[in-house]
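A.B. asks: The residues making up each chain are set out below.
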Amino acid sequence: MTVAEMKPGGTKPASAKVVLGLAECEQFLIQEARLLDDGRFDEWLNLFTADAWYWVPSQPNQENPRDTISLMYDDRRLLETRVRRLASPRIYSQEPRSRTSRMIGNVTIEEAAPDGKACTVRSKFQLLEYRRETQRIFGGTCYHHLIQGEKGIQIAWKRVDLVNCDAPHEGLVVPF
Amino acid sequence: MNDRTNGKNGQANGHLVLEDRKAQTFSVNREVFVSPTVFEDESRAIFDKCWIYVGHASEIRNPGDFRTRNVAGRPIIFCRDRQCTPRALINSCRHRGAIVCREREGNARQFYCMYHGWTYHTDGKLKAIPGDDAYGEKFDKSTLGLVEVPRFEHYRDFYFLNFDRDAPDLATYLAGAKEYIDLVVDQSPSGRMEIISGVQEYDIKANWKLLVENSVDDYHLVTTHSTWLNYMRNSGVNISVPKGQLLPTKGIGKDLGNGHLTTDNPNYRGRPVAKWISIYGEDAKADIDAIRKELVERLGETRAARVADTNRNLVVFPNLVINDGSSVTVRNFYPLGPDHMRVTAWALGPVEETEAQRARRLHAFLTFYGPGGFATPDDVTALELAQQGFAAWREVQWSDLSRGMGKSANEPQLHTDEGHLRVFWRRWSELMEQHP
Ligand code: FES
Ligand SMILES: [Fe+2]
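Chains as they are written, first to last, in the working numbering: chain A, 1 to 176; chain B, 1 to 436.
Think of the hints as simulated: they come from the structure by calculation, not from any bench. Even for Gly, the Cβ is constructed at its ideal location relative to N, Cα and C. Please note that the accuracy of each hint is not assured.
Quick list of the computed label-pair ranges, beta carbon to beta carbon [claimed, not checked]:
1. B:298 - A:64: 23 to 33 angstroms
2. B:354 - A:37: 35 to 45 angstroms
3. B:205 - A:80: 51 to 61 angstroms
4. A:49 - B:164: 34 to 44 angstroms
5. B:282 - A:151: 22 to 32 angstroms
6. A:80 - B:300: 39 to 49 angstroms
7. A:37 - B:266: 21 to 31 angstroms
8. B:205 - A:151: 38 to 48 angstroms
9. B:406 - A:37: 43 to 53 angstroms
10. A:63 - B:234: 45 to 55 angstroms
11. B:43 - A:149: 56 to 66 angstroms
12. B:190 - A:63: 21 to 31 angstroms
13. A:38 - B:406: 45 to 55 angstroms
Construct the entire structure; sequences and hints are all you get.
C.D. replies: Right, here's the structure in full:
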């Protein structure tokens with residue numbers, strides 16, 4: 001079933017076009033991962049909507065970022081700060097810079113708007129990070145809420161559930 | 001007197017901390033950051049002698065609530081027993097040693113050892129032994145409860161333990177630190193603060209004492225945290241630095257007795273209780289005003305200003321830090337070895353806070369603190385770089401903490417001086433030298 005067909009009421013309007021299909025979403029996530037691996041953080045930031053949020057919980061199944069400490073919980077303004085910080089030569093926790101390699105897989109659409117212009121995508125990821133003679137592995141589940149806007153696909157929110165979210169961590173400076 | 005230039009021990013006579021009032025220098029031998037012997041001695045001379053933070057009353061609100069944690073190297077159950085008494089029990093089965101409480105937190109009716117099935121009441125008393133007919137007549141079950149730590153006391157809901165039975169009571173020990181804990185607790189209308197759910201844990205590949213220094217070291221703020229200061233500036237906070245100063249406001253570093261110390265700084269960057277800045281958003285203004293109003297009504301103008309217009313980073317010797325500024329952090333850390341520590345950090349807030357107020361507090365907390373924050377990773381980097389430098393401790397033997405030494409006794413030590421850091425080191429050295 002396509003996203004457009006998931007509309008309540010069922011029947012597919014004759015003119016409906018599948019806007020955010022699984023293939024588009026998967027391509028988008030791959031492209032996002034690529035921007036992050038390549039250190040193109042400004043372009044990555046541009047993927048987010050103006051009122052986007054980005055959340056990395058610190059607890060398994062954490063329900064609320066507003067009453068419980070998270071690892072990261074950025075509104076758009078903090079996300080911009082995060083990216084601006086990454087661009088600064090005085091971000092000493094990134095001297096030298098991390099090298100990262102991300103794999104995205106098991107992509108599924110969990111929920112979709114009736115008009116096919118918004119959906120929540122679940123994916124699995126593995127991230128290798130190498131810096132200062134140490135390689136770290138992160139893995140877990142990502143949720144992206146994607147919307148099809150004027151500027152193409154954008155991220156309205158992103159939640160990253162690390163398998164080891166409640167473990168002691170060293171700096172988490174490069175975004176997931 | 002020590003020869004600080006060629007890195008030789010000179011006339012240090014085995015002292016690891018040297019204060020030379022004539023030369024106005026204060027030096028710490030870098031051996032203290034790398035030596036396995038010093039590390040061993042610290043656990044006896046410091047962690048077994050001082051009051052060590054265990055947890056906050058709000059973490060064990062209900063009968064049966066427990067938290068297991070490592071305190072000064074021991075596995076501890078911090079719990080409220082079924083009769084409602086807070087306890088610190090050693091989490092080791094009296095039979096043959098296994099950890100009896102295996103969860104990090106929860107609520108228990110009893111503690112059950114999975115090895116041979118001994119069970120304990122939540123107050124530690126032994127409840128039952130499977131097959132107890134195999135024991136002799138004189139075998140006394142009443143003496144085989146979980147062992148309580150020798151001393152366990154609290155000050156305004158902050159619970160501490162002491163492995164030294166003969167230690168002075170906690171209130172005496174805390175000395176001048178009490179006044180600063182009061183300034184934190186007074187932020188709650190009912191005098192009840194709580195640990196906010198969730199915790200940050202991180203490891204630093206550096207000696208634990210470097211984090212004591214770093215937690216109160218305002219000298220490094222501008223250099224290490226310029227990216228965070230940029231965020232403040234971009235958010236409309238006035239961070240301009242008056243001539244002759246290193247930071248926007250001029251604070252002091254204070255000796256609170258018994259090795260405790262604090263910075264005491266006029267606030268410039270917003271406080272949830274209660275100073276509005278633009279980061280909070282226009283709609284938060286009235287809310288912050290109302291918090292402020294309550295504070296003034298309850299405490300009076302002067303005390304309210306003291307609570308709400310000053311920030312403090314407090315060290316309760318040896319390893320508890322309370323940072324009270326744009327949020328309140330309770331930070332505890334332990335050495336895992338001479339060059340490795342484990343940090344645990346919680347956020348603290350008044351129990352009365354609404355969801356919006358809480359969210360504001362956590363927002364500020366996360367922007368600065370923790371592995372994903374905008375400041376902590378750079379602190380961690382600084383400490384790890386220092387630790388790496390200490391590999392040459394034989395060649396470059398002394399670290400310098402002389403800032404502010406040239407001042408007369410009645411001139412205050414600034415927060416950007418190192419007078420308050422020296423307070424820690426004097427006490428550290430005193431306890432280490434007393435140790436047989
Ligand atoms: S070790 Fe606990 S019952 Fe044997
Ligand atoms: Fe710092």
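A.B. asks: Against each hint, give a clear statement of whether it holds in the structure.
C.D. replies: Evaluation of the provided hints:
no., hint, result
1, B:298 - A:64: 23 to 33 angstroms, "holds (29 angstroms)"
2, B:354 - A:37: 35 to 45 angstroms, "holds (41 angstroms)"
3, B:205 - A:80: 51 to 61 angstroms, "violated (31 angstroms)"
4, A:49 - B:164: 34 to 44 angstroms, "violated (58 angstroms)"
5, B:282 - A:151: 22 to 32 angstroms, "holds (28 angstroms)"
6, A:80 - B:300: 39 to 49 angstroms, "holds (41 angstroms)"
7, A:37 - B:266: 21 to 31 angstroms, "violated (44 angstroms)"
8, B:205 - A:151: 38 to 48 angstroms, "holds (43 angstroms)"
9, B:406 - A:37: 43 to 53 angstroms, "holds (52 angstroms)"
10, A:63 - B:234: 45 to 55 angstroms, "violated (31 angstroms)"
11, B:43 - A:149: 56 to 66 angstroms, "holds (59 angstroms)"
12, B:190 - A:63: 21 to 31 angstroms, "holds (26 angstroms)"
13, A:38 - B:406: 45 to 55 angstroms, "holds (51 angstroms)"
In this structure, the hints that do not hold are numbers 3, 4, 7 and 10, in rising order.
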